[in-house]
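Residue numbers (my numbering), protein chains in the order written: chain A, 5 to 394; chain B, 3 to 319.
Be aware that a few hints might be false.
Partial list, derived from the structure: chain A residues whose beta carbon lies under 10 Å from chain B [said to hold, decoys possible]:
id, residue
1, Thr-197
2, Ser-207
3, Ala-208
4, Ser-211
5, Gln-212
6, Gln-236
7, Gly-241
8, Thr-258
9, Gly-263
10, Asp-377
Rather than coming from a laboratory, the hints here were simulated on the basis of the structure.
Note that beta-carbon positions come from the ideal geometry of N, C-alpha and C, so glycine has one too.
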Amino acid sequence: MKWLKASLFGAAASLALALPANAADKITLGLMTSLSGTQAILGVEIRDGIQLAIDQLGGKVGGLPVKLVIEDDQGKTDVARQLADKFVKSDKVDAAIGFLASNLMLAVYRPLVDAKMITISSNPGPSQIAGKDCSPYFFSTSWQGDNWAEAMGAYLQKKGVQNIYLMAPNYAAGKDVLTGFKRFYKGTIAGETYTPLTQLDFSAELSQIKATNPSAVFAFYPGGLGIQFIKQYAQAGLKDKLTLYTAYSIDQTTLPAIGDDALGMILTTSWAADLDNPTNKKFVQGFQAKYNRLPAPYAVHAYDTIMLLDSAVKAVGGKIEDKPALLAALRNAKIDSPRGEIRLNTNHFPIQTFYQAKVVKGADGKPSIKIEDVALKDYSDAYAAECPMK
Amino acid sequence: MSDEIGRLPGDPLSLVLEQSLNGLQLGVLLFLMSAGLTLVFGIMNLVNLAHGSLYMVGAYLCAWGYALTQSFLFGLIAGIGGALLVGLIIELGIFRRIYSGDHLDHVLATFGLTLVINDIARFIFGPAALFAKVPDFLGGQTSIFGLFAYPTYRLAIIIVGLLVAAGLSVLLQRTRLGMLIRAAASNRVMAGALGVNVTALYTFVFVLGAALAGLSGLMAGPILSVVPGMGDSVLILAFVVIVIGGLGSVQGAFIAAIMVGVIDTLGRSFLKPIFASFLDRSAADNAAPAVASMLIYILMAAVLFLRPQGLFPPKSR
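Please construct the entire structure, taking both the sequences and the accompanying hints into account.
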């Protein structure tokens, strides 16, 4: 019932938008992200990236003044559903942007795209949305969820590393990441351990790794788990003996809490502050000036969400009420990203380059992420072929 | 390669020994959390869900104090002292008024307090994890009988935990104050009727529990991540411990904490090879962590079924 209602209301809302009576004098964006709850720190990155981009564009997107509606989904599915309804029915936003957790993205995906709401994800990229459930109304400026793990798999395959030990938390994303890793890594595997998602102490598993005696370790521990895992890995004396390769486990938000224990860790990323291009310089300098900290990749994706909209709205000359034209412009946009120029694939996910990076001591003496090598060039994802959009 | 790490591969005895140390270390951390919880429950009959917040306060203030002054001693004093002070404030300000209420009142008040303290931590220190450093003199590894290298910091946790347990045991069994506490735990109405100042005793016990939780938190800080809400997950395990040990019994909490720590750790390490001996590898990979994470709850259920009062309940209640 709720679904039906949402889509009916959505249809009505988009009809109202489609009326040519009043040409758009502003663009309303609904930003949904987690500003409270355990993931708040990443949600704040997304909000800040979006606000920086709007600031740098002089408060306008594609020449239209922006009205930004910021909403906190609290990391809760039910709240996210209500906010999606609010964006469609009462705020009547022109695009829903932001998003943080993939379970919330999946919860609001149908209500939004069925209401023909232009939806742009700054972070989650579940395989369903990249594949068979893709939608002409959905766009991603971030990644498909397997990407960084695939990049690490490709990098280790290229380096010819053998006998690797794999570790991840025991939940859907943990299994997806290891599957993504193995899509590109074809070497031997010394062992594979899934730990309960709530487990905080890894001493038993680290002892097990020592006993197994692999030649390297690949681990996926996002957020706070990554802080714990990496600190404990170093404390157990493994750091200097077994190189730790990670995906989604170290970023600019967790690095200060890990400290020097992170030095020497290898990771994959689509962006780092040291990428040498003019847009990145402007982005990093602007972000540091405005927020007094280094951005994380989430902020880059969010920044690019606004840049994508900006280029598309410009391309249609500000006539955002002409939805088919706007959709085509979004689809064909070239995003001037801090990652370099990015285009979208047929499933509306970015085609981008992934890098291998290392945590090194920065100029200020603090650990920082330094890009060393290309891991996967101009890659999109493994699911685009399943998407009916061509 | 294997010599560099400090052990020949496939030496089962030293692996079991190392994993037992890991279990012991988890156990003593849990004990420090549980000791206060079980005393407060046993004596005041108070279900204190805010006990995890005191653990968090200890971790935060130690990490903050250590980073500020570069002195671990100051961090230690800030962590324990802070938890003690917060404990004193909430006992005098809130809990004293609700002891006479029923358990639902306790749960509401103490759970609410947890949310408030978590948000205060977020407000003061931000949502990001705080950096908590292992003090330099406890960094690195120590060789255990030449068999394997064990993180010195974890060894220090074990030693501190065992010393505190011994100290608590002396306090409870050998001193007048301990006698009063045991008397109040056995029958607080009678203890009050015999002239014990129960109000002051309550405050003392609560603050003692708070300081132990703070110590537990500050020692866990450099291993785990210091974030708002870090106490909540440990609190669940601490409740498991006090239920197994017997509500109100510090001795029971000690034995149960070590049991939980060792069973959890050994389950995580050795269930997989055991399962792999009769299942195929991917089935073992999936089943072992699932069963391992259930083990302590199975233990709790078994104890509740066979001995509902816990393994070592306080005598003559």
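For each hint, the structure was consulted:
With a least beta-carbon distance of about 7 Å to chain B, the hint placing Thr-197(A) at the interface is held under the 10 Å criterion. Proximity of Ser-207(A) to chain B holds as hinted, the smallest CB-CB distance being about 4 Å (cut-off 10 Å). Of the supplied interface hints, the one on Ala-208(A) holds, with its beta-carbon coming within about 4 Å of a beta-carbon of chain B, less than 10 Å. Given hint, Ser-211(A) at the interface with chain B, holds; its Cβ is 5 Å from that chain's nearest Cβ, closer than 10 Å.
Proximity of Gln-212(A) to chain B holds as hinted, the smallest CB-CB distance being about 6 Å (cut-off 10 Å). The interface hint given for Gln-236(A) is met, as the beta carbon of that residue sits about 6 Å from the closest beta carbon of chain B, less than 10 Å. Hint on Gly-241(A) holds. Least Cβ distance to chain B is approximately 5 Å, under the 10 Å limit. Interface hint status for Thr-258(A): upheld, as the beta-carbon distance to the closest one in chain B is roughly 7 Å, under 10 Å.
With 10 Å as the threshold, the beta carbon of Gly-263(A) comes within range of chain B, its nearest partner Cβ sitting at about 5 Å, so the hint holds. Checking Asp-377(A) against chain B by beta carbon gives a least distance of about 25 Å; that is not within 10 Å, so the hint is violated.
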